[in-house]
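When you get a sec, could you build the whole thing from the sequences and use the hints?
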Amino acid sequence: MREILRDLVRRPQNGEYLEIRLEHIVTTSIRIHNTTVERLKVTEERGGSLRILHPKTGWWFVSFQGWDSLKEHVASGLRSVALLPQSRTGVIRGEGTEEEIRFSPREDFREKPLGEKVQLLFAYARMLREASPFVVSAVVEYRDEWRTVYFANSDGSVIFWEKPDISLSFVATARKGDQIEVYRDGVAGKAGFELVRGLEELAHRVGKQAEALLFARPFPGGVYDVILDPVLAGVFIHEAFGHLSEADFLSRNERLQKLMVLGKPIASPVLSVFDDGSLEDLRGSSPYDDEGTRTQRTYLIRKGYLSGRLHSRETAFLLGESPTGNARTISYRFPPIVRMTNTGIEPGTVPPEDLFADIERGVYAVEYVGGNTALELFTFSPAYGYLIEGGKVGEMVKDIVLSGNLFQTLGKIDAVANDFRWTEVGWCGKGEQMGLPTPTGSPHVRLREVLVGGQCHA
Amino acid sequence: MREVVSIARARGLQADLFVRRVWEKSIEYEAGVFRGYVAREHTGCGLRVIRPDKRLGFYAFTPPCAPSEAVEQALEVSAFGDVVDFTIPSYPSTTEWRDFVDPRLEELSVREMVEVGEHLVGQLKTTHPEVLTNVRIVAGREERELFNHHEEEIRFARTFFDISVEATRVKDDDILTVYVERSWGNRDLDVDDLLKEVELKLDLSERVVPIQSGQYPVLFTPSGCMVLLHPLLYGLSGRNIAFGKSPLQDKFGKVLFSSLFSLVEVPQEPWALGSCPFDDEGILTPEERVLVESGKVEDGFWDLWSAARTGRRTTASGFRRSPWDMPEPGFSVLKIKNGLRDRETLVEELEEGLVVDSLLGLGQSNIASGFFSCGVQLGFYVKGGEIQGRVKNVMISGNAYEALKNIKELSRDCRWVQGSILAPYMLVEPIQVNAAS
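Listed in order, the protein sequences are those of chains A and B. Using the numbering used here, you'd call the opening residue of the first sequence number 1 and step up by one each time. Using the numbering used here, you'd call the opening residue of the second sequence number 459 and step up by one each time.
Hint data in this document are derived by calculation from the structure and do not stem from the laboratory. Don't take each hint at face value.
[To be verified] To give an idea of the chain A side of the interface with chain B (calculated C-beta under 8 Å), a few residues: (1) 37; (2) 41; (3) 71; (4) 223.
[To be verified] Residues of chain B clear of chain A, computed beta-carbon distances all greater than 12 Å: (5) 559; (6) 599; (7) 650; (8) 658.
Every residue gets a Cβ at the ideal spot worked out from N, C-alpha and C, and that includes glycine.
This is the structure:
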């Protein structure tokens, strides 16, 4: 295969940039719902894509099934790309590299019999159910994926990858009359089957938390001081700032470029934010991105100042900057676009306990349900929270959705604790590409005057 | 493909094989500049088997795959599969339905797509020079085929056409994005109507106006209505009912919502996206099916599995998100019944309130209980019957089931949302609005 790829990427004669991606994906998904196997499937996919940029026209992208038709696609692609309308774009070219990136998990999930996987999940489902009499629905969802990728481009790169991914999540639905509460938690990683063993305590906790939500009070809407736990703070920085640092938002928008000019103070001085795809073995990590660019650590904010952004080869070309290894795709069906990898808030020096002291009335927001962003506006929701009154953490509260504005909220972070940790279960959707693993990391963070939705306090 | 189910039959299994073939082509403009062309062609197959002891197996694959291997894989899975109470159905022998295939879309050239793109970009550049426009135009064709162990097969095809425009305006530190889309099964998408909507939204958004926190009447636009519809669709799903996760499980036949609210499914609506002669389990769809009639909950969505579980009959609602997924209860095409007066009149009669067009954070709240709390991505403040301007940094919240009780009026004019839900403007009072300042 490597020889064929080496030959094909040498075909462009008119300065075209050409990229080939071939994938073989085998997944096993199992969903246990109470006492039944609600879903159990094994799927296998083999497909590829070809992307060509002509120096005078635009991008030509085609994705196809099977690997056999690759040569024909390259030949017809090179003919067709020349006929596209004129565009104004380009890419920063790189150094070619040949590499083989293999992964040896401790316990290879491909070798585990299906029966062993199912039995383990059944045991978890029972624990989830038995955690509380209020749990009406206990779901244990397992997925493993072994992806092998051949990548080649006209810079002369030929890379072979093995990309395993495994995840397990627990979802408990608790019910009291018409009141229904859902709580979920889980694990995910670039790992082997060992990751999903020994999670009995987590299963029990998920059932208990769903029950607890039934008895928690809805949090009244208004403007509050908020403490984010490390999990939610990671989601916050992903939504509040991460997306706006993806350079495709502004690579052709001069006004936005002025608004987001590097060196501009954008946040309070306690805040530093980075994205790092080169870290070892997090779900967003990889030595190269999906355009064959080496991944790196990029500081997006340093001590409150805008200090960098995330690039593909194309956005780097358009802005006259350097690629940062952030072009990612969810599969061969889609072209790579600018995405975050592993994004985090750098830890500060304060112990997390100290953050609560001077909050008169606020909320301690914990874990997450989700987040969403539309350029400057964003929302994000904790799974639950606790009232803070007179500096003390009080009763559990729920139904909390926080909202903010990039240009206001980042300036209102006034304390960053020292207890940094990564959360791996997060994923991100952008455009039509959903479900890309994007771990986030953070310590506890304090935010002043955040808008919280919900009924106003009487 | 037929061979796969024949082998399954020979092994004494019930089986169905779902095959979905899609090709699509699209072009993209970024900030008014042509960016590129994308073509995709994919086939996915999902094989479902039921053993004589009623255990279910599933294996999905992309061709080519040896038929006997597919059956072996599905059988291996079935050793641990759910014990199911339904059987793979027989398909009708006469095929009276028509495909919704528009040859003009099948033959649509890149040049024609570029013409549409240039028109949209050019017009907006003239009327709103300060705005940067992204455009995406997609045309394609989809075929669905089903084969079963009775050696029957059915198939249908449809085309689709989708145009979306995202217009961004940056003024000082205010970033506005207006997103408008139109999707349909044939070439007759009204591009100028789409353009008009983008321009109107841009014009109405010119001024940012403050709003005080409090309770207001809210006029949801057709796309804004989705925040209220999603929890309802969750509650009507046979799967959620079967697992005791729906607040509607014992509410069928009861009046829960405003008498103004009626919802029907129209699976065979010509050219609507989602229209189909049969669902993804091969069950023929009815022409029309009432889900909510004048506030009374009449019916939900049942696939074979959830129908068997709850002692009901399938409502031809078994749909697959992809060939790699098993069927789940879903909808084909929906219509919310409209009212008598135009949306303009509804706005004119609003003393003070909010028009909500798009929201941020749908699905981030507890959809099971109906609770919602969302950032308003695009919304307008109305005072004295006139739109004063756009609101910013504002959230709305409430409970969708309560809100559907509190519908005050529905507009006469409707619009298709994502080509598959026809919705009017919906006036709901009161809705909690929280503002940052």
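Each hint tested on the structure:
For residue 37/A, the interface hint holds, since its Cβ comes within 8 Å of a Cβ in chain B; the closest pair sits about 5 Å apart. For residue 41/A, the shortest C-beta to C-beta distance to chain B is roughly 4 Å, which falls under 8 Å, so the interface hint holds. Here the hint on residue 71/A is broken, as its CB sits about 16 Å from the closest CB of chain B, past 8 Å. With a least beta-carbon distance of about 7 Å to chain B, the hint placing residue 223/A at the interface is held under the 8 Å criterion.
With a least CB separation of 22 Å from chain A, residue 559/B remains clear of the 12 Å interface cut-off, as annotated. With 12 Å as the threshold on Cβ separation, the claim that residue 599/B sits away from chain A holds: the shortest Cβ distance comes to roughly 16 Å. Distance check on residue 650/B: its Cβ is at least 22 Å (rounded) from any Cβ of chain A, clearing the 12 Å threshold; non-interface status holds. The beta carbon of residue 658/B is kept farther than 12 Å from every beta carbon of chain A, the shortest such distance being approximately 19 Å.
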